[in-house]
Amino acid sequence: MILIWLLVILFAAGILAEIAARWDALLSRLIALTAIGVDFVLTAGLWSVKASAQQKWIEEVDWNWIPGFGIHFHLAVDGLSLLMLMLTFFLGIVSVLTSWTEIRERVGFFHFNLLWVLTGIAGVFLAVDLFLFYFAWELMLVPMYFLIVIWGHERRVYAAVKFFLFTQCSGLLMLIAILALYFIHHQVTGIYTFEYSELLGTHLSPGVELWIMLGFFAAFAVKLPAVPLHTWLPDAHTQAPTAGSVILAGLLLKTGAYGLIRFVVPLFPHAAHQFTPVALILAVTGIVYGAVMAYSQTDFKRLVAYTSVSHLGFVLLGIFSWNQLALQGAVITMICHGLSTGGMFVLVGGLQERLHTRDLERMGGLWSAVPRLSGAVLFFSMASLGLPGIGDFVGEFLVLLGSYRISVPVTVVASIGILTSTFYALRIAQRAFQGPNPHPWRLSDLTPREGVMVAAMIAGLLWLGLYPQPVLNTFQPALQNLQHAESTTTAAVRR
Amino acid sequence: MSTRDLFALLPLLLIAVSAVLVMLAIALKRDPGLAAGLTLTGLTAAFLSIWAAAGVIPRQVTSLLLVDKYALFYMGLIIASAAVAVSLAWQYFEKHDEQREELYLLLLLAALGCAVLVAGSHFVSFLLGLELLSVSLYGMVAYLTDRRPALEAGMKYLILASASAAFLLFGMALIYAATGTMEFSRLREVPLSGSPFIVLSGIALTLTGIGFKLGVVPFHLWTPDVYQGASPPVAAFVATTSKSAMVALLLRYFYLSGALRNHAVFLVVATIAVLSMCAGNFLALRQTNVKRILAYSSIAHFGYILVAFLAGSAMAAGAVAFYLVAYTVTILASFGVVSVLSRSGQDVEDLEDYSGLFWRRPAIAGVFTVALLSLAGIPATMGFLGKFYILAAGANAAAWLLIVVLVLTSVAGLFYYLRIVVALFADPPEHAAATEVVSHGGVLVLALLAMLLIWLGVYPSPLLNLIRSSLAGLN
Chain X
1 MILIWLLVIL FAAGILAEIA ARWDALLSRL IALTAIGVDF VLTAGLWSVK ASAQQKWIEE
61 VDWNWIPGFG IHFHLAVDGL SLLMLMLTFF LGIVSVLTSW TEIRERVGFF HFNLLWVLTG
121 IAGVFLAVDL FLFYFAWELM LVPMYFLIVI WGHERRVYAA VKFFLFTQCS GLLMLIAILA
181 LYFIHHQVTG IYTFEYSELL GTHLSPGVEL WIMLGFFAAF AVKLPAVPLH TWLPDAHTQA
241 PTAGSVILAG LLLKTGAYGL IRFVVPLFPH AAHQFTPVAL ILAVTGIVYG AVMAYSQTDF
301 KRLVAYTSVS HLGFVLLGIF SWNQLALQGA VITMICHGLS TGGMFVLVGG LQERLHTRDL
361 ERMGGLWSAV PRLSGAVLFF SMASLGLPGI GDFVGEFLVL LGSYRISVPV TVVASIGILT
421 STFYALRIAQ RAFQGPNPHP WRLSDLTPRE GVMVAAMIAG LLWLGLYPQP VLNTFQPALQ
481 NLQHAESTTT AAVRR
Chain A
1 MSTRDLFALL PLLLIAVSAV LVMLAIALKR DPGLAAGLTL TGLTAAFLSI WAAAGVIPRQ
61 VTSLLLVDKY ALFYMGLIIA SAAVAVSLAW QYFEKHDEQR EELYLLLLLA ALGCAVLVAG
121 SHFVSFLLGL ELLSVSLYGM VAYLTDRRPA LEAGMKYLIL ASASAAFLLF GMALIYAATG
181 TMEFSRLREV PLSGSPFIVL SGIALTLTGI GFKLGVVPFH LWTPDVYQGA SPPVAAFVAT
241 TSKSAMVALL LRYFYLSGAL RNHAVFLVVA TIAVLSMCAG NFLALRQTNV KRILAYSSIA
301 HFGYILVAFL AGSAMAAGAV AFYLVAYTVT ILASFGVVSV LSRSGQDVED LEDYSGLFWR
361 RPAIAGVFTV ALLSLAGIPA TMGFLGKFYI LAAGANAAAW LLIVVLVLTS VAGLFYYLRI
421 VVALFADPPE HAAATEVVSH GGVLVLALLA MLLIWLGVYP SPLLNLIRSS LAGLN
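Protein chains in written order, with my numbering: chain X, 1 to 495; chain A, 1 to 475.
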């Protein structure tokens, strides 16, 4: 039941926040903050109580929804989704806080959309009925679209529409794939169901399996984003308001990676294995391309956006390296990227609020003006370039260790990507914070509100960098279950 | 004709009786409120009488009309959508200086024609229903005689509809000449291989007539002009009630006669579907008039419906029915918004007029947003489940090409729906104040439609069960 509450609280708070803003904008912010906070606490409680549980799902709810199609309202959580939920609610809190002074107009509707997009994302991480999954997958688009199109920057309409079209198109391809799987499962077993655990191990002929896998992969690759399908990302990230960027980079991209781990690999292991060379090439292309593009940006937000392309390349690499080590690295990278890029966007948003520009060329010498903020940016830059001791390093290191086992050239190229990330990270530090200060800027440094957010994210990253074992322990059983599912599916296909 | 027959025909009779009553009432006293009230009462009574008729079905009343669950389901849809159109018309014409009561009379007759169509199982009832519908529509489309676009639209519709009716008659004649029967169900027994050319020509010509009414490519040219020229409530009626009736008839005609088993016929309908999806969605991209956008989108939506229709299974018929209900509710809500916002003498139809509407009139813009998302097929609306159902039917029949075209063109479609949404949420222009005169009744109707869209989009089981049971007798 607790899983239902997670969604209901966010959903209802969205409506409340909209209504409350008619009297007082502050009330609306507080409602949003409380709702996400309660969800965070509930999830954390779930983690502390049942993290060690060995059963398949830590917690689940299963209701009949549309019996005519065999559709269930089935939510379930394992270690992997639990961590993703924690990240969701944590970044949700950050998004509310970071908009505290940035968003001054239409506050109620803003929080309405913010809470509903979180509902959709939480739904994606919780759903184990493929119909419900698709439902949540599409549902999170609409509020995100509104966040960009109403509160975004200069080219917001272009960016929002592009984002919507890309994700919707790939999503519909996934829907066709889901339906194909549904009917094939019916042909084999005589049962109409969208249930994840029952669709595992469906017997598919190799050609069909590849096509269906590609349908899923298209949707996840757009979200991830894998390189030729990434062009919506720099626009959307740059044009979105800060909270939107945090959610896009921190959470929406993770839904793509999550989908690959949860659905593509266990449902279509055979086709995914076949697809490995392509996926690896996509992954390293993304790593290098993202890093190079990031280096050549002058728009600060766009720069950070491109670093996401690079980091998520590591996730793709980890998933398609086919060993536990790399997969663990991928999951750690997902979490750390959420924190570090989220933090970076918060700080860039703060800078933009102070300077009214995102242009790196116009910054410089900020260290003397805003020392605490600059220090924080430096920390997140170091996280991005993979400094040991920070979580990102652990993730990328594990991925490289794992990928070394299947392909040395790919690993070498990916390492070059890390090297390139040093360039852009240092460029940020030099351009914005060092050198002469051309403007006699008098700026306020980090406010306590910003300070708390950033400190929490830094603490999280350090924790993951120095002592990641509890987190590893949490998602480890889940990954083993997935691997088990994968091997049963493979066995079923061989039969 | 027995009492049971009369019971089976009760919905039809009640609509006819209320048409007569409205006519008498107009003769005695010209009061628009009275006419609209009588019309609504008559439609409500007809709607309720469906349950009375349900007690005696399935029943073949003469060889012309077959009243079964299928017919009653569609009658319910038709009567309900007609009733919504009446209430929209009432508040729309309220704003105009002159209330003209005859509109309701025409609307009732058109609804009667639709009801005959959905129960039709014979070429004669097909033609009767169609002509009853068409002739009333000429009058309704050109109803605002002081507007040039309305007259133009009415004229266009008159000429094209007459021509298509001629094609239809010729097609019927050919089929009759070749087979000696006019009953759909007996056409099935005729081997299509016997005298293929004549029968195929007949089927092609009847398809022309049907395609015209549905407004699918290449018979779609009237759609944008008529939607633009007619008053919004009438456009809503043309787009929903008359087209649903036509689809119901098409389904019955083709399924009973088994025409889809013929490869050439299948190919032709598939081509029409693909062309409609492409043309509708791509032509809408450049429009800036909301009514025309809705018109082009309706061309595309009937392309989608034809995809499900082609899948040709019980599931496909269910998908068609569900999609029609979704489409009807959505289009009624959309045209309802246009109608509710319109000022005296001028419809609010330019995209610019909608700029920043959400910040002026959140409720109405909210309804419009929900309707547009439903048209675009976003989850939590009926439109999504409809599209899902169609894709499922297509996947079940392994019509991959068709559903891939559907997906790709509907992404193009998304683009122009989003354009309207962008306008709704844009920063309001400087001078903007809420100039629209909005009646509470109109907002209430809109709110109900939007709630229906979401409710059935999230919890469709009751409707799905109803549709399943209504299709039992189709095959």
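Keep in mind that a hint or two might mislead.
[To be verified] With a straight-line cut-off of 25 Å between C-alpha atoms, the simulated SDA-like cross-links for lysine to any residue are:
| hint | chain 1 | residue 1 | chain 2 | residue 2 |
| --- | --- | --- | --- | --- |
| 1 | X | Lys162 | A | Arg419 |
| 2 | X | Lys162 | A | Gly366 |
| 3 | A | Lys69 | X | Gly68 |
| 4 | A | Lys69 | A | Leu466 |
| 5 | X | Lys56 | X | Thr193 |
| 6 | X | Lys162 | A | Gln287 |
| 7 | X | Lys162 | A | Val422 |
| 8 | X | Lys162 | A | Ala426 |
| 9 | A | Lys95 | A | Leu13 |
| 10 | A | Lys95 | A | Gly55 |
| 11 | X | Lys162 | A | Phe415 |
| 12 | X | Lys162 | A | Leu444 |
| 13 | X | Lys162 | X | Val292 |
| 14 | A | Lys69 | A | Asp31 |
| 15 | X | Lys162 | A | Asp31 |
| 16 | X | Lys162 | A | Ala279 |
| 17 | X | Lys162 | A | Thr288 |
| 18 | X | Lys162 | A | Thr145 |
| 19 | X | Lys162 | A | Gly356 |
| 20 | X | Lys162 | A | Lys95 |
| 21 | A | Lys69 | X | Phe69 |
| 22 | X | Lys162 | A | Ala380 |
| 23 | A | Lys69 | X | Thr193 |
| 24 | X | Lys56 | X | Asn481 |
| 25 | X | Lys162 | A | Pro428 |
| 26 | X | Lys162 | A | Leu283 |
| 27 | A | Lys156 | A | Val405 |
| 28 | A | Lys156 | A | Phe282 |
| 29 | X | Lys162 | A | Val404 |
| 30 | X | Lys162 | A | Leu408 |
| 31 | A | Lys156 | A | Thr145 |
| 32 | A | Lys156 | A | Asn289 |
| 33 | A | Lys156 | A | Tyr138 |
| 34 | X | Lys162 | X | Gln469 |
| 35 | X | Lys162 | A | Leu285 |
| 36 | X | Lys162 | A | Lys156 |
| 37 | X | Lys162 | A | Val405 |
| 38 | X | Lys162 | X | Leu214 |
| 39 | X | Lys162 | A | Ala412 |
The hints are simulated quantities; they were obtained by calculation from the structure and are not laboratory data.
* To do: Mind listing which of the numbered hints don't hold for this structure, in increasing order?
  => 9, 10, 12, 14, 15, 18, 20, 23, 27, 34 and 36
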